[in-house]
Each structure stands twice: as C-alpha cells, then as structure tokens.
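Participant: Sequence:
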Amino acid sequence: MSTPWGKALDQANIVRASFNDLDRTVIKATRHKLRIPKEKHVRKLIIYTHERLGPIGDLYQSLLKRMEQPDWIIVLKTLIVFHRVLAGGNTRFLEDLTHRGNVFPLSRFTDMTSTQAHQQSVFIRRYSSYLEEKVFAFREMRQEFDKDTFSSKGLTIEQLLTRIPKMQRQFDALLATHVEEVCDNIITINAFELLLKDSFKMYCNLNDAVLNILGIFKNNNNNNNNNNNNNNNNNNNNNNNNNNNNNNNNNNNNNNNNNNNNNNNNNNNNNNNNNNNNNNNNNNNNNNNNNNNNNNNKYI
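The sequence shown begins at 1 in the numbering used here and counts up one residue at a time.
Take these hints with a grain of salt, some might be off.
Unchecked claim - Listed next, the in silico BS3-like pairs over lysine-lysine satisfying Cα-Cα at most 25 Å (straight line): (1) 147 / 38; (2) 197 / 153; (3) 166 / 218; (4) 38 / 197; (5) 28 / 44; (6) 33 / 65; (7) 40 / 197; (8) 166 / 153; (9) 44 / 33; (10) 166 / 197; (11) 153 / 201; (12) 147 / 40; (13) 28 / 40; (14) 147 / 44; (15) 201 / 147; (16) 153 / 218; (17) 38 / 28; (18) 44 / 153; (19) 197 / 147; (20) 197 / 218; (21) 166 / 201; (22) 40 / 65; (23) 147 / 166; (24) 65 / 28; (25) 38 / 65.
The hints are simulated quantities; they were obtained by calculation from the structure and are not laboratory data.
From just these sequences and the hints, can you work out the full model?
Facilitator: Take a look at the structure:
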C-alpha cells in the first residue's frame, strides 16, 4: 500500500529531476502509487528508444536508480516499464543491455514493511530473473522468442539443439514467476498480463522447434530403414545369383561327367566290338586253315 512518505519522496525526486526530461518521465511512470504506470509516460519512453540517435544507455541508468529503491511498488512498476520498453521499443535498447553484466540486481530484494510487501518481494525477484533470462537469450541467439514468431524449418539438428535449450530456459523462468497470493493488486495483475502475452509466442516457437527436430529424426530413421532394406535386397540377390551359379556349375559338371561316362562306355563298347571282331576273324582263319589241312590230307 502506498504511503504519504513515499508520495512526498517521489514529488521531491520529480522536482530535483526537473532539469532532466528523461529522469522526470521515468519517475512519473514509476511513482509510489498503487496503480499501473501511466500509458503516456510509458509511450514517451518507448518513443525515446526509437528517436534517440546517440547512446541509449542513459535510459537504463534512469531506470536502474528506481530499481535501487527499497519500495516494492516502485521496483515492480520499474520492472513493468522495462518489460514494456523491451516489447515495444527499439532493439537498440535490448542490445545495450546485452553488454552489461547483471542487468537486474534484484536477486536479494526484500521489502519487509508488511506481509504484502514480503510476498511481492518474492514475485519481484522471480520477475527480474525472467527479464534477465530474456536479455541472456538475446545475447546468445540474437532473437526475441517472446516477441516474434520464428519458423524453425530449414534449420539443421545442430542449430535446433542450440536454440531449444535457450528457449526452454527462458520459458521455465517465465513459469517460475507464479507465486501464490500475490495477485491482490492492479500492478501485479498488469505484470502477469505481460507475462501471459510472452508465454503465447514462446510456446509457439518452442513447440515448432521441437516438432521440427522430431520430424528430422523421423526422416533419418526412415532413410536408414530404406537403406537397410536395399542392402538386404542386394544381399538376397547376390545370394540368389551365387546359388544359381553354383547350380549351373553343378549341372555343367554333371553333364561333363555324364558325357565322359558315355564316351567311356562307347569306347569300351567299341573295344569289345573290336575284340569280338578280332576273335571272330581269328576263329574264321583257324577254321579255314583247318579246312585246308583236311583237304590236303584227302589228296595225299
């Protein structure tokens, strides 16, 4: 809950920053009042990122001063302004943040002025961790997964395996911002609205990347199965050819053996016939000789 002391302190800061239009706008956008940042002040800061031609780091320095306040209302509204500028501002502002170390030094932020302040402090720490992860993802990939929808088609497995862990880590940081019993004021509800918008595009991008990598693995498995089938078919064809060749060789050998056997049988038959003829001739000769001898004896 806002206090008169906080309001008076903000008014004093506005007077003190009257000579600097940027500081004055930042203070007005994050005043100690339990209401969301005024749209006209936020729009002015977003336009500043587009129109600024020189270095843009002075905007971060002005917002950093507000994050260093011990008041949870001021700090939470500052994070909302950061979120709005990152979503609608020039990318040059996000690029400037990537050259810094710890952009949101709120890991130990605690406001113990009330029970509500303590609960909101937990949410502020987790909200700042998500925004830090958003800056880190852009530093690594040069893409805002929560701002635009990206198609993962055409990317290699290596590129997808590099992208998906960064997206998953940012998405996990967003889911971790859920804290019980903190949505009891308009400022926190406004912060959750921004987180919800981020979650839609982040989920679409993460889902698209996962489906694409699963499709690549499926295609690779199908190609491997086709190659295995082709190899098996080739092996079967080779085995069939070898079997056919062996059968042909066996048939040729059997034919040759049969021919040799036939030739041998024919030769044997011829020899036997010759022997028989010779024997018959010899017998005939012997008979003739005997007949001649008998005739000679008769004459004697």
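Participant: Confirm or reject each hint.
Facilitator: Here's how the hints hold up against the structure:
no., hint, in the structure
1, 147 / 38, "22 Å, holds"
2, 197 / 153, "24 Å, holds"
3, 166 / 218, "23 Å, holds"
4, 38 / 197, "19 Å, holds"
5, 28 / 44, "11 Å, holds"
6, 33 / 65, "17 Å, holds"
7, 40 / 197, "21 Å, holds"
8, 166 / 153, "18 Å, holds"
9, 44 / 33, "19 Å, holds"
10, 166 / 197, "19 Å, holds"
11, 153 / 201, "17 Å, holds"
12, 147 / 40, "22 Å, holds"
13, 28 / 40, "10 Å, holds"
14, 147 / 44, "20 Å, holds"
15, 201 / 147, "7 Å, holds"
16, 153 / 218, "15 Å, holds"
17, 38 / 28, "8 Å, holds"
18, 44 / 153, "38 Å, violated"
19, 197 / 147, "9 Å, holds"
20, 197 / 218, "32 Å, violated"
21, 166 / 201, "14 Å, holds"
22, 40 / 65, "21 Å, holds"
23, 147 / 166, "15 Å, holds"
24, 65 / 28, "13 Å, holds"
25, 38 / 65, "19 Å, holds"
The structure does not agree with the numbered hints 18, 20 stated previously, though it agrees with the rest.
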